[in-house]
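Chemist: Sequence:
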Amino acid sequence: MKKSARVEIEEIEELEPLFDYSRVQPFNTIEIDDDPLDCPPVGCKKKPKIIDAAAVVKDGKKAASIVIDCDDEDWFPPSPKVTNDISTVTEDSTRRELRLRRQELASVAKSAEEVLRNVEEQVKREFAAAESMEDEVDASLQPPKKSGGQPSKDSDDRPKIVISLQDQNGPTQYRVFKDDPLEKVFKKFAEKVELDLQSLVFVFDGDKVSPKATPAALEMEENEIIEVHVKTK
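Residues in the sequence shown are numbered consecutively from 1, following full-length UniProt numbering.
Don't take each hint at face value.
[Unchecked claim] Across the chosen pairs, the derived CB separations fall in these ranges:
1) 130 <-> 203: 47 to 55 Å
2) 129 <-> 227: 27 to 35 Å
3) 225 <-> 183: 51 to 59 Å
4) 232 <-> 180: 17 to 25 Å
5) 195 <-> 173: 17 to 25 Å
6) 130 <-> 230: 50 to 58 Å
7) 206 <-> 179: 52 to 60 Å
For the record, the hints were derived by calculation from the structure and aren't laboratory data. Only a predicted model underlies this, so the values are computations on that prediction, with no experimental measurement involved. Using N, Cα and C, we set each Cβ at its ideal position, and we do this for glycine too.
Kindly produce the complete structure, drawing on both the sequences and the hints.
Modeler: What follows is the structure in structure tokens.
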């Protein structure tokens, strides 16, 4: 009986493990890919939680072994989101400077175009005004028409002479057309001396001159003199 008990003890001693693995936890391997955006990180990202405890015999005593499991709670914080939005990237200073220069050049070109347009409109208005003025001048230079609708003889072709009307105060010269009546000259002289035309007598070569007479009819030449006398009451 003692012999059989000794054999059992020896068998138990032979079967006992050389090392105690009860407290050794499994190692979680994490693989790191070259492109972290293509696939999520591998490995447990859950918070460890004790879900079971088993009694293990060590040197004839019971010891608690811990089993690790992962639940729904995150063990590691979520990875930061990587955005591919180009608008959020800081703009290159050189490109920004070039864009600003293009905007300035476009603004200058627009201003120059407006100035050129204003100058062209101003020139057109001035040209139109000049043409209108030329038309008015040409119309004013046209010879007057007679009652029958035919233009009168050109004034440049009508001969003129200078005559003098002389009273007690001295001669007064007038330039007149040879075919115009002397009535116009007599009226101007009466206004000058502030007298009534009916109170004046005009004499040429000793003969009284009618206001209806013309220098051509009287055969007057250049610098001829007509004497003026005041009628006595």
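Chemist: Quick check on a hinted range of 17 to 25 Å for residue 195 and residue 173, using CB atoms only.
Modeler: holds, 19 Å
Chemist: Is it true that the C-beta distance of residue 130 to residue 230 lies inside 50 to 58 Å, as the hint says?
Modeler: holds, 53 Å
Chemist: When you take the CB atoms of residue 130 and residue 203, is the distance between them in 47 to 55 Å?
Modeler: Because 52 Å falls inside the window, the suggested range holds.
Chemist: Does the beta carbon distance between residue 206 and residue 179 stay inside 52 to 60 Å, or does it fall outside?
Modeler: violated, 24 Å
Chemist: Does the Cβ distance between residue 225 and residue 183 fall inside 51 to 59 Å?
Modeler: The hint (51 to 59 Å, Cβ to Cβ) is violated, given that residue 225 and residue 183 are roughly 18 Å apart.
Chemist: Honestly, do residue 232 and residue 180 meet the 17 to 25 Å range at C-beta?
Modeler: Check failed, 30 Å falls outside 17 to 25 Å.
Chemist: Taking the beta carbons of residue 129 and residue 227, is their distance inside 27 to 35 Å?
Modeler: violated, 52 Å
The earlier numbered hints that this structure contradicts are 2, 3, 4 and 7.
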